Amino acid sequence: MSKHHKAVALISGGLDSLLAARVVMDQGIHVEGINFFTGFCVEGHTHAIRKQHRARPKRNNALWVAEQLGIRLHLIDIIEEYKQVVINPRHGYGANLNPCLDCKVFMVGKALEWMNTKGFDFIVTGEVIGQRPKSQRRVNLPVVARESGAHDRLVRPLCARNLPPTLPEREGWLERDKLLAFNGRSRKPQMALAAHYGFEDYAQPAGGCCFLTDRQYSQKLSDLWQTRGERNYELDDIMLLKVGRHLRPCPGFKLIVGREEGENRYLEGYRRRYVHMIPVSHPGPLVLLDGEADAHGLELAARIAARFSKGRDDAEVTIEVTGKDGAVRNYTVSPLPSAQIPPEWYL
Amino acid sequence: MNSVTVDARYLLCPLPVIRTQDQVARLHPGDFVRVLCTDPGVLHDIPSWCRMHGHTVADTSVADDEIAITIQVGDRG
Numbered sequence: 077m078s079k080h081h082k083a084v085a086l087i088s089g090g091l092d093s094l095l096a097a098r099v100v101m102d103q104g105i106h107v108e109g110i111n112f113f114t115g116f117c118v119e120g121h122t123h124a125i126r127k128q129h130r131a132r133p134k135r136n137n138a139l140w141v142a143e144q145l146g147i148r149l150h151l152i153d154i155i156e157e158y159k160q161v162v163i164n165p166r167h168g169y170g171a172n173l174n175p176c177l178d179c180k181v182f183m184v185g186k187a188l189e190w191m192n193t194k195g196f197d198f199i200v201t202g203e204v205i206g207q208r209p210k211s212q213r214r215v216n217l218p219v220v221a222r223e224s225g226a227h228d229r230l231v232r233p234l235c236a237r238n239l240p241p242t243l244p245e246r247e248g249w250l251e252r253d254k255l256l257a258f259n260g261r262s263r264k265p266q267m268a269l270a271a272h273y274g275f276e277d278y279a280q281p282a283g284g285c286c287f288l289t290d291r292q293y294s295q296k297l298s299d300l301w302q303t304r305g306e307r308n309y310e311l312d313d314i315m316l317l318k319v320g321r322h323l324r325p326c327p328g329f330k331l332i333v334g335r336e337e338g339e340n341r342y343l344e345g346y347r348r349r350y351v352h353m354i355p356v357s358h359p360g361p362l363v364l365l366d367g368e369a370d371a372h373g374l375e376l377a378a379r380i381a382a383r384f385s386k387g388r389d390d391a392e393v394t395i396e397v398t399g400k401d402g403a404v405r406n407y408t409v410s411p412l413p414s415a416q417i418p419p420e421w422y423l
Numbered sequence: 025m026n027s028v029t030v031d032a033r034y035l036l037c038p039l040p041v042i043r044t045q046d047q048v049a050r051l052h053p054g055d056f057v058r059v060l061c062t063d064p065g066v067l068h069d070i071p072s073w074c075r076m077h078g079h080t081v082a083d084t085s086v087a088d089d090e091i092a093i094t095i096q097v098g099d100r101g
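Protein chains in written order, with the numbering used here: chain R, 77 to 423; chain A, 25 to 101.
Hints in this document: simulated from the structure, not taken from any laboratory.
These numbers were taken from a predicted model, which means no experiment stands behind them.
The reader is advised that the hints may include incorrect statements.
Claimed, not checked - Derived SDA-like pairs (lysine to any residue); straight-line CA-CA distance at most 20 Å:
| no. | chain 1 | residue 1 | chain 2 | residue 2 |
| --- | --- | --- | --- | --- |
| 1 | R | K194 | A | Q45 |
| 2 | R | K194 | A | I42 |
| 3 | R | K194 | A | T84 |
| 4 | R | K318 | A | R33 |
| 5 | R | K194 | A | G78 |
Stated by the list, open to error - Listed next, with one range per pair, are the computed distances between beta-carbon atoms:
| no. | chain 1 | residue 1 | chain 2 | residue 2 | range |
| --- | --- | --- | --- | --- | --- |
| 6 | R | E310 | A | P53 | 31 to 37 Å |
| 7 | R | D277 | A | S27 | 49 to 55 Å |
| 8 | A | R58 | R | T303 | 29 to 35 Å |
| 9 | R | E375 | A | M25 | 56 to 62 Å |
| 10 | A | S27 | R | D401 | 35 to 41 Å |
| 11 | R | E276 | A | G78 | 39 to 45 Å |
| 12 | A | R75 | R | E396 | 42 to 48 Å |
| 13 | R | N164 | A | S27 | 41 to 47 Å |
| 14 | R | E368 | A | S27 | 31 to 37 Å |
| 15 | A | V28 | R | I154 | 23 to 29 Å |
| 16 | R | S298 | A | R50 | 46 to 52 Å |
Each residue gets a CB set at the ideal place from its N, CA and C atoms; glycine is no exception.
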């Protein structure tokens with residue numbers, strides 16, 4: 077081999093990308109990892125916010141995987157560019173607002189840009205034919221290679237022997253026989269390979285790594301677009317959709333109600349940008365009001381905030397309401413009974 | 025030798041790491057970056073990122089819910 081070849085591996089933090097990178101490293105390839113932050117990543121966020129999840133390890137799994145592999149990881153903020161993937165996916169959505177195929181095309185394309193800038197030779201992903209229902213269907217793997225522009229510089233080491241040889245295989249940078257032929261939804265081959273390498277503590281996200289695959293999250297994003305009259309978002313919008321109970325009692329505003337101490341503390345970071353309310357006569361959550369409310373709406377919001385306070389069964393609760401201008405006004409209200417909060421208010 | 029502060033309070037990981045990474049890329053070996061955070065995940069993630077990129081965590085302090093991590097930029101070459 078006349079040159080020490082270099083590959084950039086898309087590292088999600090899950091098992092497949094960990095193994096894919098390792099299989100390529102075993103062939104003497106210099107591998108560095110790349111991880112894209114879209115704003116929709118499940119990774120860490122809700123666990124970091126919610127106090128009840130504090131027993132879980134507070135680590136970014138992509139960083140952890142890179143350390144297990146002994147490689148560098150480059151974290152790339154793609155929040156702005158990714159909006160077009162979410163808002164106008166060419167290949168449409170999956171079961172919810174998950175644009176999985178467009179997402180993969182986009183990320184491999186960004187990895188290609190990075191590869192060309194840094195003088196790397198090819199791209200590695202942990203894709204497995206048939207593992208996922210949309211982006212990893214056999215018919216869609218060539219779509220990712222073609223539309224990303226990576227073509228035969230995209231190597232899927234875990235299922236490579238089920239696919240046509242790529243450039244690194246044809247050129248002898250990689251021995252095809254040492255790549256794998258995984259296929260289908262079973263996780264057993266990956267778990268066996270992990271055991272072979274001695275990887276024991278790896279992330280196994282139950283609901284995938286992206287909030288857009290979550291039905292309830294997608295409903296909240298749809299509501300955001302519908303009420304604003306445009307399909308757009310800022311980072312704060314999509315972060316807040318991950319936190320608290322969201323109730324829309326009328327078209328003009330919704331309430332974000334902290335569910336526990338960790339969420340209340342997180343919401344505090346936003347309180348100067350929203351009308352916010354907090355019970356002062358009883359313990360209770362911080363509530364943000366997103367939108368515009370008239371006097372009647374504010375009173376309704378205060379009654380809902382009172383419903384989620386410790387005074388929910390009392391005759392009156394006093395709620396301190398602070399406007400965006402900092403003006404403070406107290407509302408002493410009767411908590412809205414649960415029976416008067418219709419299920420459709422919950423997003 | 026430069027010393028700069030990155031305010032990553034109320035950002036959740038990996039954003040504090042990304043903001044740190046972007047700041048470090050503009051500095052030189054020996055410079056210092058002080059990162060202010062509220063996400064406890066940084067206590068793992070920033071040292072992890074530093075180890076793999078050859079930077080040094082010079083100091084870590086936690087007061088109430090605020091975390092300050094000081095990094096000395098290493099020789100990336």
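Okay, the hints, checked on the actual structure:
Distance restraint check for K194/R and Q45/A: the Cα-Cα separation of roughly 17 Å lies within the 20 Å cut-off, and the hinted pair is therefore satisfied. Restraint check for K194/R and I42/A: the C-alpha separation of about 18 Å stays at or below 20 Å, so the hint holds. The suggested pairing of K194/R with T84/A is violated, with an alpha-carbon distance near 32 Å, which exceeds 20 Å. Using a Cα cut-off of 20 Å, the hinted pair K318/R and R33/A holds, with the two alpha carbons roughly 18 Å apart.
Taking the CA atoms of K194/R and G78/A, the gap is near 18 Å; set against the 20 Å cutoff, the hint holds. In this structure the supplied range 31 to 37 Å holds for E310/R paired with P53/A, their Cβ-Cβ distance being about 36 Å. Between D277/R and S27/A the CB atoms are about 37 Å apart, so this pair departs from the stated range of 49 to 55 Å. The beta-carbon spacing between R58/A and T303/R, approximately 40 Å, falls outside the hinted interval of 29 to 35 Å.
One distance hint, 56 to 62 Å for the beta-carbon pair E375/R and M25/A, holds here, with the actual separation near 58 Å. Separation of S27/A from D401/R is about 37 Å and conforms to the stated range, judged on CB atoms against 35 to 41 Å. Separated by about 27 Å at the C-beta atoms, E276/R and G78/A break the suggested range of 39 to 45 Å. Our hint of 42 to 48 Å for R75/A and E396/R holds, since their Cβ atoms are close to 46 Å apart.
A beta carbon spacing of about 44 Å between N164/R and S27/A agrees with the range 41 to 47 Å that was offered as a hint. Evaluation of the 31 to 37 Å hint for E368/R and S27/A yields a failure: the beta carbon distance comes to about 44 Å. Between V28/A and I154/R the beta carbons are some 24 Å apart, a value that agrees with the proposed interval 23 to 29 Å. Range check, S298/R to R50/A: about 39 Å between beta-carbon atoms, so the 46 to 52 Å window is missed.
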